[in-house]
Amino acid sequence: MARASCTLPPVALSVDHLRKAYDTLVAVDDLSFAVGAGEIVGLIGPNGAGKTTTLRSLAGILRPTSGTIAIDGHDLLAAPIEAKCRLAFMPDEPHLFEYLTVEEHLRLVARLYTVDDFDRRSRALIDELELTGKEKSLPGELSRGMRQKVVIACGLVRNATTLLFDEPLTGLDPIGIRRMRETIVSRARAGASILLSSHLLHLVEEICSRVIIMAGGKKIADGTFAELATRADLATAGSNLEQIFLRVTGHE
Amino acid sequence: MLLASLYIVLCSARNRLNRRMKRLREPRYLLGAVVGVAYFYFAIFARTRGRNAALDAARARNANRQRRGPDPAAAIAMVSASGPALAGLAFLVLGIVAWVLPFDSGLLDFSEAETAFLFPAPISRRALLVHRMMRSQLGILFGSVIVAFAAGSVTGWMRLRISIGMWLVFVTIKLYFTVVTLARTRLTAERLTTRVLAWTPLALLLAMLTTAGTAIVRAFAASPVESVRDAFQRLGAVSLTGASSVALWPFVTLARPLFAPDWPAYVRALGWGVALLGALVVWVLATDDAFEEAAAHAAARRAAKAQSKRASLGRARATGLSLALNGRPETAFFWKNGVQTLRLAGLSVLRIAIAMIVIVVTSTSATFNALHLQGVAATACLVSIALAGFAAILGPQVVRTDLRSDLTHLDVLKTWPVRAAAVIRGEMAWPAVMLTIVGWIAIASATAFSAAAFPRVALATRLSVSAAALLLMPALVFAQYLVQNAAAVIFPAWVPLGDQRPRGVDAMGQRIILLAGVLLSVAVMLLPGAFVGGILWLAFQRIVGPPIFVVGAFVCLAFVALEVLAGTEMLGPVYERLDVLAIERAE
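Top line first, the protein sequences correspond to chains A and B. Numbered per the numbering used here, the first sequence spans residues 161 to 412. Numbered per the numbering used here, the second sequence spans residues 18 to 604.
Hints are computed from structural coordinates only; laboratory data are not their basis. One or more hints might be untrue.
[What the hints assert, rightly or not] One side of the interface only, derived from the structure: several residues of chain A facing chain B at Cβ under 7 Å:
(1) Phe193
(2) Ala219
(3) Thr225
(4) Ala238
(5) Ile241
(6) Lys244
(7) Tyr259
(8) Arg267
(9) Ala270
(10) Leu272
(11) Phe385
(12) Leu406
[What the hints assert, rightly or not] Facing chain A, from chain B, some residues (calculated, C-beta under 7 Å):
(13) Val291
(14) Leu340
(15) Ala349
(16) Gln357
(17) Arg360
(18) Asp428
(19) Thr432
(20) Val541
(21) Val597
For glycine and all other residues, C-beta sits at the position ideal for the given N, C-alpha and C.
Work the whole structure out from these sequences, hints included.
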């Protein structure tokens with residue numbers, strides 16, 4: 161069977177008029193944005209804003225009701241294999257196969273995504289994410305934080321050009337949080353486009369170059385912190401992301 | 018705490034019932050409920066009525082036969098009289114099995130909510146156990162009532178008696194398994210007293226078994242058994258006289274209410290049974306020092322329990338299976354499911370093996386009786402045939418290491434850059450190949466011993482039939498896996514996730530509908546090949562002879578192979594559209 165090569169030029173993620181509805185409930189409504197190569201974009205919003213639904217739609221888990229999603233120019237619905245080759249999704253809840261070890265998870269991903277130089281990459285990642293000594297462990301033998309790291313390792317072991325993080329710091333200890341921040345930033349510096357959803361506004365403020373604020377399934381703000389701070393309706397909120405967030409979501 | 022437990026039990030039951038009633042608004046559940054209720058009606062109530070009518074007719078016939086031959090009513094009375102002894106022996110065996118097999122009562126399996134709410138609460142661990150006992154009552158009561166209806170008793174009062182008797186049996190067994198679970202964890206305890214207390218019930222049980230076993234051997238070795246009645250009488254005597262009657266007393270006492278001939282005897286038997294149950298409750302609560310220790314180290318133990326629960330999924334032992342970094346995606350799924358099976362081998366494969374042994378031995382025994390066959394070789398042949406039949410027909414229902422079990426990971430699978438058809442083919446490949454190999458080994462074994470079991474059948478015919486069976490085995494297995502996985506993709510909400518099973522009459526009806534649909538679809542898949550193969554057989558049987566079976570089977574296999582390939586390709590777009598939210602989460 162012909163499989164797409166996973167080594168193509170730098171990319172951008174583009175979302176155009178994305179809509180996802182469950183019966184009468186519209187979880188995401190007319191959402192459009194783009195993420196350039198090397199850019200880290202924060203996706204924030206109150207509970208039920210549609211952030212996770214957006215990320216799961218972008219990852220190919222949920223089928224959009226309408227709209228288009230393109231990864232590096234490849235339409236996720238029309239050419240799912242080419243698009244998914246370039247995509248890595250790190251969910252907030254670590255879903256792992258109960259009977260595969262850490263090492264076997266990485267190997268399975270490497271096989272499915274055709275990863276070159278797997279041994280070197282997996283060794284480096286295991287060291288980077290402090291999973292050394294856990295290679296032969298099953299998920300059931302790991303703490304939640306460790307399982308989260310395995311999911312992230314599976315996302316990073318391949319040459320994904322678009323990385324989607326949903327609450328990447330959940331379950332990590334302070335050292336792990338610091339390492340993860342460094343990991344995300346280094347991937348962006350290497351040219352990956354990153355979309356990161358988090359309730360930790362200080363994290364978003366620290367590492368994101370741009371922020372998208374969602375509420376009720378709609379995008380209500382999109383821009384750099386400087387742009388948001390100078391927006392007429394947000395000018396009085398100052399440049400603090402928390403103040404901006406509270407203002408645009410109508411909680412202040 | 019008792020009131021709090023009652024509150025939890027009643028509120029949970031009410032809300033569960035409400036939820037099940039509400040879901041009947043969905044057509045699939047309504048349809049399932051109709052089929053489920055119909056099943057219960059025809060399987061239990063209608064059968065009971067029919068049986069009652071048959072009993073009346075039998076009584077009428079017996080009245081006429083009494084002058085001519087042995088009295089069947091007397092035989093039934095004899096079985097009733099020996100019933101407590103036989104059931105008591107069965108309970109004794111179950112008591113031993115409880116120590117050998119890694120099963121427990123589930124009474125100590127606190128739900129996450131129970132752990133979160135009740136463990137930190139200022140209540141004793143014994144109160145927690147009492148709470149768990151109360152929670153288990155609804156299920157046990159339901160099971161007891163079902164048994165009473167299925168028993169086909171004549172009067173409503175008799176059904177009531179059976180219900181109470183069965184409730185007593187079920188509760189006692191559950192508590193006994195709890196005793197075993199608690200004792201098993203302390204068999205290797207550091208403290209001598211703890212070890213002695215843990216070993217005491219096992220030692221007692223072995224002493225009882227030895228005593229009863231010796232008495233049974235003596236009773237049957239003294240003189241040859243003349244009749245079934247004689248055998249029953251001897252067993253009855255073992256339970257009523259000598260040391261064996263003491264050894265069997267707890268077990269016979271438990272069974273006695275079910276066989277009591279009248280109300281006074283029933284009340285007496287029930288009184289002793291309840292006393293036995295009370296003693297067991299006291300035993301469970303008194304020996305439950307694991308919980309007392311837990312009270313002192315609650316937080317640490319909860320963490321350890323959670324860890325041990327996760328770890329109990331299996332250890333990462335080497336499987337000998339390695340995944341190359343290049344190749345078809347199907348083989349990656351094949352490898353993944355293979356690793357899962359091999360790591361699970363210690364747990365679920367054991368359960369499957371036990372089920373297979375029970376089915377194979379039962380079916381073989383029945384066949385032996387029907388064919389009047391004897392001899393080790395004939396036995397081996399028939400056991401092998403039964404095993405092959407199990408692998409071909411029931412195997413794909415039981416071995417679910419395919420997309421059905423992987424629906425829980427659908428949100429991971431959907432992110433992978435793999436063609437949907439390859440996912441489906443890859444998922445079904447491992448279990449199908451595994452079952453095919455099991456079937457082939459069984460067929461080869463049956464062929465090797467076929468001369469003993471079928472001495473009148475010519476060698477050429479036996480070899481031809483075997484070769485045809487070897488070809489049909491993958492056809493049957495792969496066809497079923499295609500249909501099962503198609504059902505998972507097309508009707509994901511109807512497929513239970515992993516080991517979980519939706520409960521309720523409607524869910525049971527859904528499973529019946531699904532099973533019927535699967536069987537019908539497999540029959541349709543096999544039809545073209547069977548039709549062409551049948552024509553070949555009719556046309557060339559006289560010319561070619563037995564080898565025509567092989568040709569017919571090959572044609573059938575070829576048709577099914579094409580259908581499986583085409584089927585997986587056709588399912589691809591359906592898989593792509595499959596929404597993870599369509600999958601039913603268990604209650």
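Status of the hints after comparison with the structure:
1. The interface hint given for Phe193 (chain A) is broken, as the beta carbon of that residue sits about 20 Å from the closest beta carbon of chain B, more than 7 Å.
2. Interface hint at Ala219 (chain A): satisfied, since its Cβ lies 5 Å from the closest Cβ of chain B, which is below the 7 Å cut-off.
3. A least Cβ separation of about 11 Å between Thr225 (chain A) and chain B goes past the 7 Å threshold, and the interface hint is therefore violated.
4. Interface hint at Ala238 (chain A): violated, since its Cβ lies 11 Å from the closest Cβ of chain B, which is beyond the 7 Å cut-off.
5. Among the interface hints, the one on Ile241 (chain A) holds; its C-beta lies about 5 Å from the nearest C-beta in chain B, closer than the 7 Å criterion.
6. With a least beta-carbon distance of about 4 Å to chain B, the hint placing Lys244 (chain A) at the interface is held under the 7 Å criterion.
7. At its closest, the beta carbon of Tyr259 (chain A) sits 4 Å from a beta carbon of chain B; the interface hint therefore holds under the 7 Å criterion.
8. Against a cut-off of 7 Å between C-beta atoms, the interface hint on Arg267 (chain A) holds, since the closest Cβ of chain B lies about 5 Å away.
9. A distance limit of 7 Å between C-beta atoms decides the matter here; for Ala270 (chain A) the minimum to chain B is near 6 Å, and the interface restraint holds.
10. Here the hint on Leu272 (chain A) is kept, as its CB sits about 5 Å from the closest CB of chain B, short of 7 Å.
11. The beta carbon of Phe385 (chain A) is not positioned within 7 Å of any beta carbon in chain B (closest approach about 31 Å), and the interface hint is therefore violated.
12. Nearest Cβ of chain B to the Cβ of Leu406 (chain A): about 31 Å, over the 7 Å cut. The hint is violated.
13. Residue-level restraint check for Val291 (chain B) is violated (minimum Cβ-Cβ distance to chain A is 42 Å; threshold 7 Å).
14. For Leu340 (chain B), the interface hint holds, the least distance from its beta-carbon to any beta-carbon of chain A being 5 Å, beneath 7 Å.
15. A cut of 7 Å between beta carbons decides the hint on Ala349 (chain B): the least distance to chain A is about 5 Å, and the hint holds.
16. Given hint, Gln357 (chain B) at the interface with chain A, holds; its Cβ is 4 Å from that chain's nearest Cβ, closer than 7 Å.
17. Interface restraint check for Arg360 (chain B): the shortest CB-CB distance to chain A comes to about 4 Å, inside 7 Å, so the restraint holds.
18. Residue-level restraint check for Asp428 (chain B) holds (minimum Cβ-Cβ distance to chain A is 5 Å; threshold 7 Å).
19. Interface hint at Thr432 (chain B): satisfied, since its Cβ lies 5 Å from the closest Cβ of chain A, which is below the 7 Å cut-off.
20. A distance limit of 7 Å between C-beta atoms decides the matter here; for Val541 (chain B) the minimum to chain A is near 28 Å, and the interface restraint is violated.
21. Look at Val597 (chain B): its Cβ gets to within about 6 Å of chain A, closer than 7 Å, so that hint holds up.
Checked against the numbered hints given earlier, the structure breaks hints 1, 3, 4, 11, 12, 13 and 20 and satisfies all the rest.
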